[in-house]
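Going line by line, the protein sequences match chains A and X. For the first sequence, the positions run 15 to 341 when the working numbering is used. For the second sequence, the positions run 2 to 445 when the working numbering is used.
Simulated from the structure, these hints should not be mistaken for lab results. One or more hints might be untrue.
To be verified - Among chain A residues calculated to face chain X with C-beta under 7 Å, some are: (1) Ala56; (2) Leu197; (3) Pro287.
Claimed, not checked - Here are some chain A residues the structure puts well away from chain X; computed CB gaps all over 12 Å: (4) Arg152; (5) Leu227; (6) Gly242; (7) Phe327; (8) Arg331.
Note that CB positions come from ideal geometry on N, CA and C, so glycine has one too.
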Amino acid sequence: MALSRVSPVDEVTIESNDSMTVAAQPGFRARLRAARDLGNSAVTWPFALPILAVFVFLYLWPLARTLYFSFTDYSGWSTDVNFVGLANYVRVFGDPAMLQGLAFTLLFAFATTVLITCLAIPLALLLNRAFIGRTFVRSMFFFPAVPSAAILGLVWGFILNPLGSGALNSLIGLFGGSPIPWLSDATLARVSLIAVAVWAQTGWHALLYLAYLQAIDSSYYEAAKIDGASNLQVFRSITLPLLAPAMSVSTLLLMTGGLRVFDMPFTLTGGGPGFATRTITQSIIQAGIARGDFGAASALSVMFLIAVGLLVFLQLRVARHLEDRIT
Amino acid sequence: MMRRIIGKRHLGVVAAFMALATAAGCAGGTAGTATTETVETVETVEATGGEAAAPTELTEPVTISFLSWATEAVMRPLVDKFEEQNPNITVEFSWAPPVTEYIQALQTRMSAGNPPTVFMMAAENRTQLMQSGAVIDLTDQPFMANISEASKKAYSDDSGIYAVATNSWGGGILYNVDLLNEAGCTVPFPTWDDFVDCAHKLEALGVTPYLDSISEIPVMVSAMLGRRNVELGGNMDEQIFNDHTLTFEEAWTPVLERYQSLVDEGILSSASAGLSNDQVIQEFQAGRVAMMSTGSWQPGSIRSAAPDLNFSFTAVPGTNPGEGYWGGAVGPGYAISSAANDQERAAALRFVEFLQSPEAVEHDNLTQGSITTTLDYEPIVDDSLTELAADVRANNFYLPMVSWPRAQDILQTTATANLQRMVTGAITPQEAAASLDAELARVG
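Based on the sequences and whatever the hints tell you, model everything.
So this is what it looks like as structure tokens:
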């Protein structure tokens, strides 16, 4: 991305009242602008204070407290708080449930990001075409994003019920198939969970891509058509490059959402069977609330925050790099 | 561009300053609060022993707060009755649903230095509440004479009794009477082998003989562990946790092997690992499943959903006749905050005394279907619970999470996860039992 540059030496000629020409010293113009910006800031800062207050009290303060608690034995029940150094961090690394939770959380985040992106772009292209009932179809695809993930988890729990009486297994039974242990087999439970998440979010992300698609100037397509470009060439040379910013936004949302996922796995599988679909967020909540181990939960939160920050930073760098290459 | 850069710099400086100030203020504030309140807590705890036993006269109108986990619709008549009998005491009622949300609400209020005067102590928070000195000792209160021994034991440690529980729940095998009659089964099952024979007969009828949800430790496993506890002298968990003369692997393996034999013999589906309790109940209500293990809270909802279903409870059988046992635990108990002042404490004691009176206990029994355990009231229970209720009132039940002296939540999570892995064939019963030893060693 090109940045505008300011000349290192600002030379300004000012004509004075007595017609004397003054050659301003280097930097004079910049200082003049800085003084003007300061004046503007004085006016604009009060307007930013409410959101700053929200940011401080709802983000910075809890973050600082979490960091503080991660070095203590705070239980949430007693105000008798003792400093324990890095003991909580050491303990978290020794928890097999946490490590499995970390593995599944990463798998879930990567798998949903890739699958949804691969499905949402073609879907957006389809929804961008003119056909009868287009608005209705768009609404249908958007609908799964409306109910809460927890409700979707409960509903899908009945659909994927591993017994023969489960909705999907009943359907399979009609064709003579045996019940499939969707949620009671570790691998199938992971696959089921990722599939439900993809089903729930693809429509929403397709509409995001659709919004970007509709902003593409039609003259590009007309020119390509005149030049005799094939559909694939049009997609690769026009649509995909111009969708690159949308992909950055979509994958960022998917990755951050996937890393902090809690409600759908919790309601669909409860983290099981075993620890197969347990997520990091579930571990944090369980340690903090149910176990009264705020110190360990805080340590886990801090490490997770750092890990998410790094992942998102890397993802943005990669997305930016790909965006530059495509465009 | 320069204007934006200057703006960002200002923003950065201010944000950094605010972040540092906030962090510093937060850390300082918390530390200060912690120190101050620690002293208060210690003073309160030290003062608790004598003051709790000696009733304080109420000299002026007083307001106490009560965080219930029964809904307001259930508790309001009792609160109104109490206020009517004690016109100078006002009870501020609030409610949170059990269990996780309740614990979260209570924890939040305690962290904020605003604990309710009266609240519920449960298996899930009893250790933290007792160890932190957040509750007063009720050992010497006259009304404790009306409380069952199991209830006293559940909410006590070496230093005293800290909550008053007026009910317990029990659980065993819930069975479809008509299906078992059709199969020619004898209930109660004299022995485990009779239970297995019955399951095979049901299988021959084309019915799923037995189903469990392993979303937590199944009641059947709890009941079998209860029998195992009796075999090991009645102090199995003390031997594991305190004496270190026994391990989970030694104590639990025979029980888990027997449970796993149900899967190996095709009686219990490995799908249990992915089923919720509601899903199993629906199968039972639809007559597709003949037996399941559950608790005494279930009959009311089953009678509403399937009024024609003929069902009853029976104990989980042992190896020999007469060794049947029940799963179960003492219900949540009423506790009083140690942060309450003398007047509030006196009013709270009067409120707790009222809540264990026959009048209040009868209300709990009739509106909630609870198996009440106070000595001066005989509960009325669903027909299916007659045998179970008698044993529950005689304290013949067991639940590992309640019996464990510490690390209840993490051990329960570990046990549940490894039971799921066991029934799906990922690990053996011995490995599942040994995983608890490893977890206990890790958490200390």
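Here is how each hint holds up against the structure:
no.	hint	verdict
1	Ala56	violated (10 Å)
2	Leu197	holds (3 Å)
3	Pro287	holds (4 Å)
4	Arg152	holds (34 Å)
5	Leu227	holds (30 Å)
6	Gly242	holds (42 Å)
7	Phe327	holds (18 Å)
8	Arg331	holds (20 Å)
Comparing the model with each earlier hint shows a violation of hint 1 alone; every other hint is respected.
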